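Trainee: The lines below spell out each chain.
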Amino acid sequence: MREKELKLVITFHTTTAAMAMEKACNARSLPGRLIPVPREITSGCGMAWSAPPESREALEQAACSEGIEVAGVYQLTI
Amino acid sequence: MIYLDNAATTLQKPPQVIEAVAEAMYSLGNSARGTSSGSLKASRTVYEARVKIAELLGCPNADHVVFTCNSTEALNIAINGTVFPGDHVISTDLEHNSVLRPLYRLEAGQGVELSFVPADANGHVSYDDFEALIRPNTKVIVCNHASNLTGGMIDLARVSRIARQKGILLIADASQTAGCIPVDMGQLGADILCFTGHKGLLGPQGTGGMCIREGVEILPLKVGGTGVHSYSKEQPSEYPTRLEAGTLNSHGIAGLSAAVDFIRETGISTISLKENTLMRRFYEGVVQIEGVTVYGDFSASQRTAIVALNIRDYDSGAVSDELSEKYDIATRPGAHCAPRLHRALGTKAQGAVRFSFSWFNTEAEIDEAIRAVEELSA
Chain A
1 MREKELKLVI TFHTTTAAMA MEKACNARSL PGRLIPVPRE ITSGCGMAWS APPESREALE
61 QAACSEGIEV AGVYQLTI
Chain B
1001 MIYLDNAATT LQKPPQVIEA VAEAMYSLGN SARGTSSGSL KASRTVYEAR VKIAELLGCP
1061 NADHVVFTCN STEALNIAIN GTVFPGDHVI STDLEHNSVL RPLYRLEAGQ GVELSFVPAD
1121 ANGHVSYDDF EALIRPNTKV IVCNHASNLT GGMIDLARVS RIARQKGILL IADASQTAGC
1181 IPVDMGQLGA DILCFTGHKG LLGPQGTGGM CIREGVEILP LKVGGTGVHS YSKEQPSEYP
1241 TRLEAGTLNS HGIAGLSAAV DFIRETGIST ISLKENTLMR RFYEGVVQIE GVTVYGDFSA
1301 SQRTAIVALN IRDYDSGAVS DELSEKYDIA TRPGAHCAPR LHRALGTKAQ GAVRFSFSWF
1361 NTEAEIDEAI RAVEELSA
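Residue numbers (the numbering used here), protein chains in the order written: chain A, 1 to 78; chain B, 1001 to 1378.
Because the hints were derived from the structure by calculation, they are not lab data.
Model, not experiment: these values are computed from the prediction.
Note that beta-carbon positions come from the ideal geometry of N, C-alpha and C, so glycine has one too.
One or more hints might be untrue.
No farther apart than 30 angstroms at their CA atoms in a straight line, the calculated lysine-lysine pairs in the BS3-like style are these [to be verified]:
#1 LYS23(A) to LYS1052(B)
#2 LYS1041(B) to LYS23(A)
#3 LYS1052(B) to LYS1222(B)
With the Cβ distance kept under 10 angstroms, some of the chain B side facing chain A (calculated, not the full set) [as the list claims (entries may be wrong)]:
#4 ALA1032
#5 ARG1033
#6 ARG1050
#7 GLY1058
#8 ASN1061
#9 GLY1227
#10 SER1230
#11 TYR1231
#12 SER1324
Here are some chain A residues the structure puts well away from chain B; computed CB gaps all over 12 angstroms [said to hold, decoys possible]:
#13 ARG2
#14 LEU6
#15 PHE12
#16 ALA18
#17 LYS23
#18 PRO31
#19 ARG33
#20 GLY46
#21 GLU54
#22 THR77
All chains, please: the whole structure from these sequences, using the hints.
Mentor: In structure tokens:
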């Protein structure tokens, strides 16, 4: 297994919201990728956006401006 | 073959639709089932299709576009998910059995009350009748956007104004109009707009769906696996997952997505104009032939590309068969799953021969079809 590192993990209620997040991040060249939701947290949607912690503000802004409903934002060592 | 049965399904599809389905079948995993590359590709494909359908049909939220396997499934979900014992429903004589049978079943099994706005012998409905039929317990109006038999349309914006005044939900059946003419659920005032992917939208069979206005509550028809909230005993409440239990037809949806691209690139107004021109050309060619009876109203500025007719008192099935066998022209005879409108038109026994046109038809094909009708009428 790869070495664990601190990550920002954003969860969603629906897969549609997760896909919208991926699209919004790609359009803005924001970092991160979709991962299965880590077991430490629970979420409606089975996938979450994982990115470096320092990108939090930009990611939340992207979600907000696209009207993407975020279920939770976490910092986890995964 | 000259294919003039496009109101049943469009047989000729844009090549990119077929290519998209094939590519999807080579590469897509299961949508919303993990983050492997194949699953993500399927999730992205389905999501992009939602966004495109939302834009095309004027649905404000892409997550309120729900995919189903066709209009019938969408209408069953919409009707069974909003109408409950003690409710009254208004519908029309222009409806297809995909609306009528769910309603009749609710009437027989759940004590739901039904009223139908009658059509006259030309397939017209009176908007005053919608208002007159409203009762205190009227919950829903289920209304066709265009008849699959005559191509005649109902002014849904007018119906929705009547419905909204009384807090009644409007379920619109856009099976015959989506992809053929501009359809905007907001402008039409539809609370739920049901569509199919394989007719005017030029996508694969097995695709369709519904656009839902925010705030409209629909009880799911199916519950099951969604890839989310797996430990909950209940179906997730968020759209679209709420109504999408089980594996989606992402291969078909990939084709539908490519079909919407084709429609947007071609221009829906361009498509509408061409289909309308072909339909008018055929109508003008057959209407004056002795022994031919054409059904419906052709004076309206907007209608779909359908001409339903009979030749003398000939069985419509025999005429359609002759058109196929002798001229290799595909049409649809019989009742077209529209029993109430056939009764209104007086064609219950004879049925009618329906010619329906698409973007891929040509003027030469129309002229050949006119000649065939002339010969069969002689």
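Trainee: Of the numbered hints stated previously, which ones are contradicted by the structure, given in increasing order?
Mentor: 7, 12, 15, 16, 17, 19 and 20
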